[in-house]
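Student: Sequence order for the protein chains is A and B.
Note that the working numbering has the first sequence beginning at -12, numbered continuously upward.
Note that the working numbering has the second sequence beginning at -12, numbered continuously upward.
Take the hints with a grain of salt, since some may be wrong.
As the list claims (entries may be wrong) - Restraint-style ranges between C-beta atoms, simulated for each label pair:
id: 1; chain 1: B; residue 1: 80; chain 2: A; residue 2: 339; range: 49 to 57 angstroms
id: 2; chain 1: B; residue 1: 379; chain 2: A; residue 2: 339; range: 52 to 60 angstroms
id: 3; chain 1: B; residue 1: 238; chain 2: A; residue 2: 379; range: 26 to 34 angstroms
To be verified - Distance condition first, Cα-Cα at most 16 angstroms in a straight line; then the derived EDC-like pairs of lysine to aspartate or glutamate:
id: 4; chain 1: B; residue 1: 127; chain 2: A; residue 2: 356
id: 5; chain 1: B; residue 1: 182; chain 2: B; residue 2: 248
id: 6; chain 1: A; residue 1: 127; chain 2: B; residue 2: 356
id: 7; chain 1: B; residue 1: 127; chain 2: A; residue 2: 449
id: 8; chain 1: A; residue 1: 182; chain 2: A; residue 2: 266
id: 9; chain 1: A; residue 1: 235; chain 2: A; residue 2: 188
id: 10; chain 1: A; residue 1: 127; chain 2: B; residue 2: 449
Rather than coming from a laboratory, the hints here were simulated on the basis of the structure.
Keep in mind that this is a model prediction, so the values were computed, not measured.
Glycine is no exception: its CB is placed at the ideal position from the N, C-alpha and C atoms.
2 protein chains.
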Amino acid sequence: MTAHDHASYGIATWLGALDRALAAGEAAAAAALFPAGGFWRDLLAFTWNIKTFEGPGEIGAMLAATIADARPRGWRLAGPIEAEGDGEAAPIAFETASGIGTGRLVMRGGQVSVLLTALDDLRGHEEPRGARRPAGIVHKADRARRTWSENRAAETARLGHEEQPYVVIIGGGQGGIALGARLRQLGVPAIIIEKNARAGDSWRNRYRSLVLHDPVWYDHMPYLNYPENWPVFTPKDKMGDWLEAYAKIFELNIWTSTSCERAHYDAASGIWTVEVVREGRRHVLRPRQLVFATGAYGPPRTIDWPGAADFAGTLMHSSAYQQGAPFAGKRCVVVGAASSAHDVAVDLWEAGGEVTMVQRTPTTVVRSETLMELGFAIYSEEAVARGITVEKADMISAATPFRMFADQQIALYREIRARDADFYARLAASGFALDFGEDDSGLMMKALRTASGYYIDVGASELIASGQIGVVSGAGVARVEAGGLRLEDGRFVPADVIVACTGYQSMNETVAGIVSRQAADAVGPCWGLGSGVRGDPGPWQGELRNMWKPTAVEALWFHGGNLALSRFYSRFVALQLKARMEGIPTPVYGRPAPLSGA
Amino acid sequence: MTAHDHASYGIATWLGALDRALAAGEAAAAAALFPAGGFWRDLLAFTWNIKTFEGPGEIGAMLAATIADARPRGWRLAGPIEAEGDGEAAPIAFETASGIGTGRLVMRGGQVSVLLTALDDLRGHEEPRGARRPAGIVHKADRARRTWSENRAAETARLGHEEQPYVVIIGGGQGGIALGARLRQLGVPAIIIEKNARAGDSWRNRYRSLVLHDPVWYDHMPYLNYPENWPVFTPKDKMGDWLEAYAKIFELNIWTSTSCERAHYDAASGIWTVEVVREGRRHVLRPRQLVFATGAYGPPRTIDWPGAADFAGTLMHSSAYQQGAPFAGKRCVVVGAASSAHDVAVDLWEAGGEVTMVQRTPTTVVRSETLMELGFAIYSEEAVARGITVEKADMISAATPFRMFADQQIALYREIRARDADFYARLAASGFALDFGEDDSGLMMKALRTASGYYIDVGASELIASGQIGVVSGAGVARVEAGGLRLEDGRFVPADVIVACTGYQSMNETVAGIVSRQAADAVGPCWGLGSGVRGDPGPWQGELRNMWKPTAVEALWFHGGNLALSRFYSRFVALQLKARMEGIPTPVYGRPAPLSGA
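This is chain A alone, in the form it adopts within the complex (with noise of 0.2 angstroms):
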C-alpha cells in the first residue's frame, strides 16, 4: 500500500497527477495513482488489445511495457463533470504517439474507480467527417473527370480481381456491415462475403415472428442512426431492409449470394487463400486480413440424439425453423427454453400448433417492459433528450469493466426480482424453471458469459404460466422414438414435430470448417469472460474472449454480437486493421501465444 492508496482526489486533480508521472514515464507512480480496487480497461492505445487491468500491480505492468511506444501526453477533460451512481465521471481526451484518444474517468470517494481509454482515430489517418468530409467533387471542370457513379462501377469491377482487397469480412449481417462501413471510411478495402441473396437476408430468413429484443436506442448502426419515428423494436424484415439500404448508401463491397468454402494463410507472404463460392463460381480471393463476422455464434449446435432417424414427424433445428403454418393443429415440442425456444414456441403457437417445451436446464426470464425501464436506462427517450447520445452511451458503458458490471447487475436483479414477484410466482407455478444465473446476475451477464439460457419475455410467459404452452422441465432428451422424445427421467412427451432450441456452438467452430482444426483449437473459444460458471470455463479473462482484438492466429479476426457490440468494437477492428495497412506499429500486449502457420 502506498501512500497514494489513501490520497482523495478530485477529477481534474487526478488527471494532472496522471499525466505528470506518464509525461515523465514513471510506470509505478502512475499505477500508484489507482487503488485496489481500481481498474484501466484499454482499447487500443496503450495495448493496441482490448484488456482490463485491476489495480496497481496489472495497471504498473501494462504500463512499463507500453508507455516507451505509446509516449501519452496532453490528457485533459474533454467534457463536464457529472454525477455517475455515487461518484462523478466525466469524458476524456489525450493523445498517444499513433493518434487521438478518448475514454471517461470514473472516481468514488475521493479514488479513481474506472480509467477508461479509447484509441478514437490514428494521426495522418483521421476519418474524413464533419469538417474533414470529402468534397464529392472537384470545382474545375477536367476532361479526365470520372463521375461517382464511374469511379464506384470501376471500383466494383476491379476489386477481388485486378486488385485484391486488403480484407475479407466473412458474413453481411450486421456486424460484416458495420464493420465494412467503418472499414471503407478509413479506405481500406474490403469485400463482404455473404451467403444469402441479399444483404439483411441473415434478419429476412429466420422465422416470422421475430422482431428485435433490444430497443431502438441500443441498436443503431455506426454513423445513421434510425430516425426518430423508428418502431421502438424492430421486425426482422425492416432490420432485414435497413441492413440492405445501410450498405448501399455505405457503398459496400458485399458480394451477395457467396459462400467462404476453404481460406489458407501463409505466414511468409502474409496473405491469406480464401476460395469462395460465388454465384456458382469458384473465386479466390487474396487478402491480408480475414476477419469472421459470422453473428456472435458458431455453427448450430444440433444433438445428434439416438433414434433420430426413427421419429415419424418433422425435426429440425431452430436455424432453420421459418414459420409454423405447416404446423397448425400438431404436437410441437421445442427442446430448449432460451430466447429461440420461447420465440419459435409462440410462433407455433400461434399458428395454431398444440406446443410443448421441454426445459433442460433453468432459464433467466426478464420482462421486456422491466429491462426497458430499469436496464436501458443510458439507451433510451429520456437519455437522449438528457443530451446523452449512443455515442456517449456507449462510453459510459465502456467503461464499466465486466467485473464491476455483474456486481451492478446482482444489484439490478434483486429489484427487477422483487418489481415482479407475482410475474415470476406464476411462472415458477407452471412448472417452468427460473434462475438467474450462478451468483444471481441476470440476463446480461449470462449473455455474456455463455450467450445462452435466458429470454426477454415478450409474451411466452403468460402462455407458459396460463398453460397454454405446456412445459416439461427438469430433464435431458434420452432419445427420439417414433412417436415423441423420451426424457432422461423416463417422461416420454409425443410429437408430431420437433424443434431443437439448443444453441450454438462456439465462433472458432466455424474456423474449424474453413481453416483448420488446428487454427480452431489455437485460437479456442469465442466469446465469455472466463467467469468460471458452467459453460464459461476460467480462468478470468477481463473481456470477451477473442473478440475484436488479436487472436493466437496471424491476421484473423472475430467480429459480431448484437447491434450495439457490433456498433461499438466495428471501429476498433477497423483502426486495428487501418494501423496494419499503413504499416503503422502496433505492438500487442497481452497477445495469446501465437500459432505459426494456420
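We have chain A already, so just place chain B on it with the hints.
Tutor: For chain B alone, coordinates are given in the frame of chain A:
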C-alpha cells in the same frame, strides 16, 4: 400611429403583450404591437395558408379574420434569446385551437422585426416520433398476429385497388418523396406516381457530370440526415441512390414506371379521377387530393426556332441531354447561359467538344466557394458545431420574409462582388455578360423570382474566362440554318450540335397537360414573388405563388423546389392534407378565388 410605435420592448415583454392582446381577442391591440415595417409570417397556424403580412394594417386585418377560429394561447419562449444581426431573436411556442405551434420572434431596436408562426403538430394527431414512436410489436402472443412484412405486403396489394389513397402525388423526386414520408408519418394513405423505373431516376437520368450545387448541410431530407461522412456536394447518382433507399426506409408507396395521363376533379363528390399508365397498363386512381410534385418547373421550354427542321446536326433541349461522349471533336453550341447551360457546356468540353455558349441575356454568377462561405453560414459544419441543427436553421430562414431577404441579399452581393472583383473582371473580359438582378440582389433572389438566369460556378467560368469555352453574347436566336445558328443581330454560329438550355415553363403548364387549360389558367403561374422584375410580374405576393398552399383549384396542390424547400415545406403540405382528411376545420385566409369544376 399608435403609442406602441414608440415603445421599446424586450423579447419576453413583447411576447407577453401579444399573448394578452390575443387572449382578449383584441386584434387591433395585437396589430398595434407591430411597427410600420414589422412583418408577421404565418405558416398555417392562423391562416391555414402561407402568408406574410407587413405592418399593423395587414396584420390587424388578418387577426380580425382569424383570431376567433385560431384561438391562440400559451405563448412562450422556447429557447434562449440570441443575438441576430443587429437585433435579437428567440424561438417561441404557442397553441391554437387545432394544434401546437412554433415560431421565432426577431426584434431590432426594441421593435418587433418579424414574428414567424408555424403549425407544428395537430392536436390529437401528433406525429408518432421520439417518445411517441410506435412500439413495433405488441408484447403478447396473438394468433391473429400480422407481421410487419405481411402488413406491408397487404397494404401494397390493397392501396390503389380495393382501397383508394387519400392523396396521389405526381412525381417521385425529392419533393414527392419528402412529402410521401411526411404523409406516412401522419397516417395519410398516399401513392406517389413516378414515370421512371426506379425512385431516384429523376437524378440518375440527368447529365453525366451533374453534382448538387448546394452543400450537404442545406440538402437534408426530413427525418434522416445524411451521415457526417457524406460529401459536401452530392453526385447525382449518389443522390438517386439515397432517395431510393430513403423511399424504402420510410415505406413509401411509389408506383414506378407509371405516368399520369389525365386527372379530373368532381367537385360534388370531392373525388379526383386520375388516369395512370403503370408498366404499360391503364389504371384509375380516385384520391381526394392531388399534388403536383414534378419539380420547381413545368415542361421544358422548347423554343420553336424557325428552320430547326433543316438543321444537319443534332438539336435537343437540355432536359434530353445526358452525356457529351458522342460529340467529341464536334462544334457544340449551347444556347442559354444559366446553370444547365454552364453544366452542359463543361460536360461537352470535358468530352472533347469545341464549345460555344450563346448568351442571350446577362447571367448572375457566384463562385461556389464564396457562396458557401458567405451565403450558407447557418447551413455549414460551423453552424452544426454551434448547435444550429438543420431544423433550427430552417426556422431562422423561415423567419426572414422575402421582402427582407432581398434587402439582405443586396448587402451580401455588394460584399461578394468586392471580394471576387478579379474573377468578375476576367469573366467580363471574355465577353460574358454579367448581372446581379435588376436590384443587384443576386442569385438567390433570381432563383426565387424567376428560377432562371444564374450559375453557381463550379468550374465553367474559368473555361469561359480563359477562352476554352467560347461566348457569343447579347443576341437571341433568329433561326436555325443547316450549318448552325443565325442570331438576331446577324451573327452566325456554326454548329454540329445544339443544346437548347432554354429553361422550363411554369408548373401550371403541367396542370394544363393533365387536368385542363381552364384549371391551369385559374391557378396561374407557380413560383415567383410578384417582384415586378422581368419574368416575375407584380403585384407583390409576399410568398412564392401557389406553392405548398391552397390554390384556386380545390384539392389541387403544388409541392416542389430544391432539397431544402422540399424538406421544409413538405411538413406544411402534409399538415394541410392531414387536417382535411381528419375533418379538422381549415378556414383559409386569403385564398385565391376558387374555380368551380376543374
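Student: Hints first: check each against the structure and report whether it holds.
Tutor: Structure-based check of each hint:
1. A hinted range of 49 to 57 angstroms for the beta carbons of residue 80/B and residue 339/A is consistent with their spacing of about 52 angstroms.
2. Roughly 53 angstroms separates the CB atoms of residue 379/B and residue 339/A, a value that falls within the hinted 52 to 60 angstroms.
3. In this structure, residue 238/B and residue 379/A meet the distance hint of 26 to 34 angstroms, their C-beta atoms being roughly 30 angstroms apart.
4. Straight-line distance between C-alpha atoms of residue 127/B and residue 356/A comes to about 12 angstroms, which keeps the hinted pair within the 16 angstroms bound.
5. For the suggested pair residue 182/B and residue 248/B, the alpha carbons sit about 11 angstroms apart, so the restraint of at most 16 angstroms is met.
6. For the hint pairing residue 127/A with residue 356/B, the CA-to-CA distance comes to about 12 angstroms; that is within 16 angstroms, so the pair holds.
7. A threshold of 16 angstroms between alpha carbons decides the hint, and for residue 127/B with residue 449/A the separation of about 8 angstroms falls inside it, so the pair holds.
8. A threshold of 16 angstroms between alpha carbons decides the hint, and for residue 182/A with residue 266/A the separation of about 9 angstroms falls inside it, so the pair holds.
9. Using a Cα cut-off of 16 angstroms, the hinted pair residue 235/A and residue 188/A holds, with the two alpha carbons roughly 14 angstroms apart.
10. Distance hint between residue 127/A and residue 449/B is fulfilled; the C-alpha atoms sit about 8 angstroms from each other, no more than 16 angstroms.
Hint compliance for this structure: no hint is broken.
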